[in-house]
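S.K.: Letter by letter, the chains look like this.
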Amino acid sequence: MKVAYWPGCVSRGFTPELHGSMEKVAPLLDIELVELDRASCCGAGVIAEHSQELADTLNARTFALAQQVEGADLMMNICSTCQGAQSECQQRLDASAEYREHVNGTLAGEDLQYEANIVNKNFLWVLVEEIGLENLKGLVRRPLTDLRVGPFYGCYIVRPTDRLKIDDEQPRDDYLGMVIETLGGTVIDYAGSHKCCGFPIITMNKKASLTQAGRHLGDATDADADCLVTPCPLCHLNLDLQQPMAAKEVGRDLKMPVLHLPQLVGLALGLEPKELGLQHHVVKPTSVIDWTQSVVGSVSAPAGW
Amino acid sequence: MAEFTLRIRRYDPQSGDAPYWDERTVELEPHRSVLEGILQARNEQDGSIGVRCSCRSAICGSCGVRINGEPGLACHTHLDKALEGSKDGVIEVEPMGNMPVIRDLIVDMDAVHWKKIQQVTPWLIGKEPVPEREYIVPRESMIDITQSMACIQCGACVSDCLSMEVDPLFIGPAALAKSYRFVGDPRDAAHKERLEYLSEDKHGIYDCTHCFKCIEACPKGVAPMNQIMRLRRISGNVYDIEDRNNGERHEMAFVKNIRKNGILHEADLLPDSYGGKFHPRAVPELISSLPVVVTALLRRKVTPAKAMLHSHKAPEGVKQIFDDIEGRDGGVEFNLYIQGTDEDNAEPPGAEGVLEKVAEDVVTEALEEAPVTPAGGEGSSA
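Protein chains in written order, with my numbering: chain Y, 1 to 305; chain P, 1 to 382.
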């Protein structure tokens with residue numbers, strides 16, 4: 001399938017291993033990525049906090065660029081926050097032809113126009129709804145046997161449920177667990193899986209922010225998780241990059257590896273940890289690498305990890 | 001009639017015993033409420049089950065509980081629906097979170113919820129001179145605050161607030177939605193004072209993490225988080241309140257960052273949120289972040305060049321959007337909760353570009369010009 005691909009900002013900034021691993025995994029899943037390199041930040045809720053119209057117009061521009069990609073089945077993102085912020089803007093844009101016309105008026109200078117009802121899905125949703133779990137299962141080369149994985153969704157991809165069209169027929173708030181199981185892993189149930197990582201207030205209330213991250217990591221540790229997996233690079237920043245600070249804040253020794261979703265999929269599909277950028281993580285994914293070594297025996301963790 | 005089993009969390013802090021689960025099977029029609037189930041168990045099996053209720057019609061806000069882990073009104077949740085949401089065929093009922101338990105399903109609303117409501121001066125501070133007759137306000141300004149007025153003070157949002165979970169002093173979603181009810185009211189004379197208090201408080205509007213939990217929890221569609229975002233918008237845009245919590249600075253740093261770079265340059269955002277790389281406020285923050293930065297560099301997550309320089313520049317089209325919208329007086333904002341698509345909302349625009357439509361369920365939406373001014377604008381009261 002061909003997708004208009006929006007990698008977001010952080011996947012090309014402080015979590016470059018996310019964008020990199022997505023590019024490695026896509027061909028194995030037969031996904032052709034057409035990167036929207038002229039598109040702009042989704043605003044992450046902050047631009048909408050400043051001006052709804054500004055956020056809506058920037059995202060309408062991104063949608064319009066995606067709609068120009070010939071032969072694309074849909075637009076795909078790899079960031080929970082992009083998914084949520086863009087869905088919010090899309091909801092407003094799709095709700096009123098008058099408003100859309102107004103926003104398209106601002107885009108007219110670039111000869112762009114957003115037509116209502118774009119399909120914009122996070123990689124997680126694409127895996128379950130487009131590729132299908134059966135097909136995904138068939139592609140697994142290195143089942144995640146005995147790997148205990150805690151899902152961490154990120155708020156923006158699970159709430160609000162009506163906007164994100166989450167219901168019994170489409171249990172998008174269970175998809176991470178379903179994917180982990182399909183890849184052969186064990187899903188760890190712990191208190192923080194659907195909670196907030198705290199990242200949005202890191203500059204406003206660092207203590208509260210890091211306490212949130214620290215608690216979830218601690219809960220996952222107590223539940224004997226080997227690692228967490230997240231479809232959100234912003235959560236990854238608070239859970240991995242800030243983990244040493246979070247550990248200090250909650251007064252615990254935390255060493256919980258946090259994988260990006262494409263990395264976990266890539267491991268199961270037979271890619272090497274280094275190809276997937278696992279060496280860039282602040283918390284060394286020792287438990288994950290040890291596991292692949294013990295099961296596959298062919299993956300060697302380079303010295304110095 | 002059908003049988004339903006309730007698993008009620010029982011706890012009496014005065015007894016000295018730990019909380020425990022108490023399973024009770026009741027017989028009721030499936031469309032009856034969870035509250036009726038609890039009351040039947042209390043009336044027929046164990047009179048000591050503690051539950052608070054009054055109207056039984058989802059309007060008094062007394063019977064807020066957690067059903068299968070989700071917040072809601074016991075009187076507004078059907079037994080058959082609750083059963084669908086249960087993990088093991090038993091409907092789990094717990095007291096609300098973030099508030100101390102008085103007994104069983106009764107939490108101490110005074111200690112948390114009402115104290116926070118009092119904190120935001122929950123009454124209208126009238127303008128002087130007081131008009132001879134009533135205040136006359138534009139209709140759309142009332143539409144703007146209708147959503148926050150729908151609050152029944154049940155505490156469901158407080159129960160589920162993830163910020164309050166780690167910071168009990170956070171003013172919280174219910175009180176902040178209440179605050180918007182007055183900040184959005186053109187008759188109120190203390191918008192600026194209210195916003196200064198809420199933005200300067202370490203546990204005020206900038207303590208909200210944007211987790212949507214309160215939107216999901218509210219049984220009345222108040223969407224407290226949206227009201228908090230409005231408070232932030234008005235605080236920064238209309239009153240230029242530069243708070244000590246970096247809330248407004250972070251917002252402006254983010255906006256400027258995207259106007260310049262198109263996509264976020266994180267290495268600039270952090271120091272700019274504290275006032276700039278060399279600002280006295282930024283220095284201790286940057287020093288405390290040094291271990292994180294060094295680790296990121298060691299792991300080659302970022303390279304020094306990437307941290308210092310940012311090769312991506314915003315396309316002209318993006319800059320133009322910023323200039324067009326920021327250059328205008330005010331922007332367009334959809335107020336209140338938006339539902340449906342064009343087909344449902346095919347109402348033609350009203351005068352002066354104001355789109356209003358009252359949907360069947362009295363969910364109202366308005367597309368209002370100059371929304372960055374508190375609803376109705378300054379001096380709109382007569």
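Be aware that one or more of the hints could be misleading.
Unchecked claim - Using 27 Å as the maximum straight-line C-alpha spacing, the simulated BS3-like pairs for lysine-lysine come out as follows:
| hint | chain 1 | residue 1 | chain 2 | residue 2 |
| --- | --- | --- | --- | --- |
| 1 | P | Lys115 | P | Lys87 |
| 2 | Y | Lys206 | P | Lys81 |
| 3 | Y | Lys206 | P | Lys115 |
| 4 | P | Lys319 | P | Lys277 |
| 5 | P | Lys277 | P | Lys313 |
| 6 | P | Lys192 | P | Lys260 |
| 7 | P | Lys192 | P | Lys87 |
| 8 | Y | Lys207 | Y | Lys137 |
| 9 | P | Lys192 | Y | Lys165 |
| 10 | P | Lys202 | P | Lys256 |
| 11 | Y | Lys284 | P | Lys306 |
| 12 | Y | Lys207 | P | Lys81 |
| 13 | Y | Lys248 | Y | Lys206 |
| 14 | P | Lys115 | Y | Lys207 |
| 15 | Y | Lys274 | P | Lys260 |
| 16 | P | Lys306 | Y | Lys165 |
| 17 | P | Lys220 | P | Lys127 |
| 18 | Y | Lys24 | Y | Lys2 |
| 19 | P | Lys313 | Y | Lys207 |
| 20 | Y | Lys24 | Y | Lys207 |
| 21 | Y | Lys165 | P | Lys115 |
| 22 | P | Lys115 | P | Lys202 |
| 23 | Y | Lys206 | P | Lys256 |
| 24 | P | Lys260 | P | Lys220 |
| 25 | Y | Lys248 | P | Lys87 |
| 26 | Y | Lys2 | Y | Lys165 |
| 27 | Y | Lys121 | Y | Lys24 |
| 28 | P | Lys115 | Y | Lys24 |
| 29 | P | Lys220 | P | Lys313 |
| 30 | P | Lys319 | Y | Lys206 |
| 31 | Y | Lys206 | P | Lys277 |
| 32 | P | Lys192 | P | Lys256 |
| 33 | Y | Lys24 | P | Lys313 |
| 34 | Y | Lys165 | Y | Lys137 |
| 35 | Y | Lys165 | Y | Lys207 |
| 36 | P | Lys81 | Y | Lys248 |
Unchecked claim - Here are the simulated distance ranges between beta carbons:
| hint | chain 1 | residue 1 | chain 2 | residue 2 | range |
| --- | --- | --- | --- | --- | --- |
| 37 | Y | Glu275 | P | Glu196 | 18 to 24 Å |
| 38 | Y | Met1 | P | Pro13 | 55 to 61 Å |
| 39 | P | Gly89 | Y | Leu139 | 33 to 39 Å |
| 40 | Y | Arg141 | P | Ala111 | 54 to 60 Å |
Think of the hints as simulated: they come from the structure by calculation, not from any bench. Bear in mind that the values here come from a model prediction, so they are computed numbers and not experimental data. Glycine included, each C-beta is placed from N, C-alpha and C at the ideal position.
S.K.: Taking only the CA atoms, is the gap from Lys220(P) to Lys127(P) under or equal to 27 Å?
M.R.: Distance of about 30 Å is beyond 27 Å: violated.
S.K.: Would you mind confirming whether the straight-line C-alpha gap from Lys202(P) to Lys256(P) stays at or under 27 Å?
M.R.: 24 Å, holds
S.K.: With the threshold set at 27 Å, check whether the alpha-carbon distance from Lys306(P) to Lys165(Y) stays at or below it.
M.R.: The hint is violated at about 38 Å.
S.K.: Given the hinted pair Lys274(Y) and Lys260(P), is their alpha-carbon gap at most 27 Å?
M.R.: 33 Å, violated
S.K.: For the pair we were handed, Lys24(Y) and Lys2(Y), check the Cα-Cα distance against 27 Å.
M.R.: 15 Å, holds
S.K.: Could you grab the alpha-carbon distance between Lys206(Y) and Lys277(P) and see if it respects the 27 Å cut-off?
M.R.: 18 Å, holds
S.K.: Has the given pair, Lys192(P) with Lys87(P), been kept, meaning a C-alpha gap of at most 27 Å?
M.R.: 48 Å, violated
S.K.: Are the Cα atoms of Lys284(Y) and Lys306(P) separated by 27 Å or less?
M.R.: 22 Å, holds
S.K.: Is the Cα-Cα distance between Lys192(P) and Lys260(P) 27 Å or less?
M.R.: Between Lys192(P) and Lys260(P) the Cα gap is close to 31 Å, so the pair fails against 27 Å, i.e. violated.
S.K.: Regarding the pair Lys192(P) and Lys256(P), is the alpha-carbon distance no greater than 27 Å?
M.R.: 25 Å, holds
S.K.: Does the Cβ pair Arg141(Y), Ala111(P) satisfy 54 to 60 Å?
M.R.: 56 Å, holds
S.K.: Given the hinted pair Lys207(Y) and Lys137(Y), is their alpha-carbon gap at most 27 Å?
M.R.: 41 Å, violated
Of the numbered hints given earlier, the model fails hints 1, 2, 6, 7, 8, 9, 12, 15, 16, 17, 19, 20, 21, 24, 25, 28, 29, 30, 35, 36 and 37; all others are met.
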